[in-house]
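Asker: Numbering of the sequence shown is given in my numbering, commencing with residue 1 and proceeding in unit increments.
Derived from the structure by calculation, the hints contain no laboratory data. You may find that some hints are simply not true.
Calculated lysine-lysine pairs in the DSSO-like style (CA-CA distance at most 30 Å, straight line) [stated by the list, open to error]:
| # | residue 1 | residue 2 |
| --- | --- | --- |
| 1 | Lys44 | Lys77 |
| 2 | Lys27 | Lys77 |
| 3 | Lys127 | Lys103 |
| 4 | Lys77 | Lys214 |
| 5 | Lys103 | Lys214 |
| 6 | Lys27 | Lys44 |
| 7 | Lys55 | Lys27 |
| 8 | Lys55 | Lys214 |
| 9 | Lys77 | Lys55 |
| 10 | Lys44 | Lys214 |
| 11 | Lys103 | Lys118 |
As the structure is a prediction and not an experimental result, all values here were calculated from the model.
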Amino acid sequence: MKLTRALLVLVAVCTTARADQLTDRCKDLGCIRERIQRQMQQEKVPALSVAVTRKGEFLWEESFGFADLATRVPATKDTMYSLASITKPMTATAVMALVRDGKVDLDRPIDDYLGQAKLTARMGDAKEATVRRVLNHTSGLPVHAHFFYADETERRPSMDLTIQRYANLIRPPAERYQYSNLGYGLLDFVVSRVSGRSYADFMQQQVFAPLGMKHSVVADAHTVGATRYDVDGTPVPYYDFDHPGASAVFASAGDVARFGMFH
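Kindly generate the complete structure, drawing on both the sequences and the hints.
Answerer: Below, the structure is given as structure tokens:
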């Protein structure tokens, strides 16, 4: 697996904390900007975006650096960054939209929504691996990460095949918390099967658009967002996942703030 250094998104939601606690004696935006730029230079961060909100209002949006170093495209407040696992709460929101509409029951086995391929219970009972437990990482599914890079030959298999290969319960459901990208891959599959739409379309229509998230997408090979770089500064080729519901959203800092304000 390639080691990636994603461009940073900073979303600050103001609280009742004192200003000097939040800024370590920075009293104005000029000071904060200087500290951001200095830290970016020290850490070799290509781009960074800030969105600050308070009580539903945007107080500050600004971007620094370059969304792509080779072409010197500046980062702007609309620049979309790879959110990686911040995708998960967005996918969970999509699932809850289906729950709201009576199309998914949180306490039914997720197997009921998967079609032909089913979970394999190495331990426990697959019927206890409910939608709710997949959402909160207590289903018994293992840690999982599978990336498919454009410059490599392996391509993402069908979800049925991924389920057959990897959807093994390694602990009895509800026994303990175990973070699982695969669980959220199953959830995006459920969203698509139940809604009759692609996961990307459902997210756009039922999550992003209603919240005014105009700069958010489930990324594909054609998505134009901030370039991802390896730890040595080399651009990372586009990569797909067998768990897009865990990892695939690109969004601007402002849109992440809008999503946070909704919740």
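Asker: State for each hint whether it applies.
Answerer: Against the structure, the hints:
Between the alpha carbons of Lys44 and Lys77 the distance comes to roughly 20 Å, so the proposed pair stays at or under 30 Å and holds. Proposed proximity of Lys27 and Lys77 is supported: the alpha carbons are some 23 Å apart, at most 30 Å. For the suggested pair Lys127 and Lys103, the alpha carbons sit about 18 Å apart, so the restraint of at most 30 Å is met. Note on Lys77 and Lys214: the hinted pairing holds, with a Cα-Cα distance of about 12 Å set against a maximum of 30 Å.
For the hint pairing Lys103 with Lys214, the CA-to-CA distance comes to about 27 Å; that is within 30 Å, so the pair holds. In summary, the hint linking Lys27 to Lys44 is supported, as the alpha carbons are separated by about 25 Å, within the 30 Å threshold. Between Lys55 and Lys27 the CA atoms are separated by roughly 21 Å; this keeps the pair inside 30 Å, and the hint holds. Annotation: proposed proximity of Lys55 to Lys214 holds, straight-line Cα distance about 21 Å (limit 30 Å).
Distance check on the hinted pair: Lys77 and Lys55 sit about 20 Å apart at the alpha-carbon level, within 30 Å; holds. For the hint pairing Lys44 with Lys214, the CA-to-CA distance comes to about 29 Å; that is within 30 Å, so the pair holds. Under the criterion of a C-alpha separation no larger than 30 Å, the hint pairing Lys103 with Lys118 is consistent with the structure, at around 19 Å.
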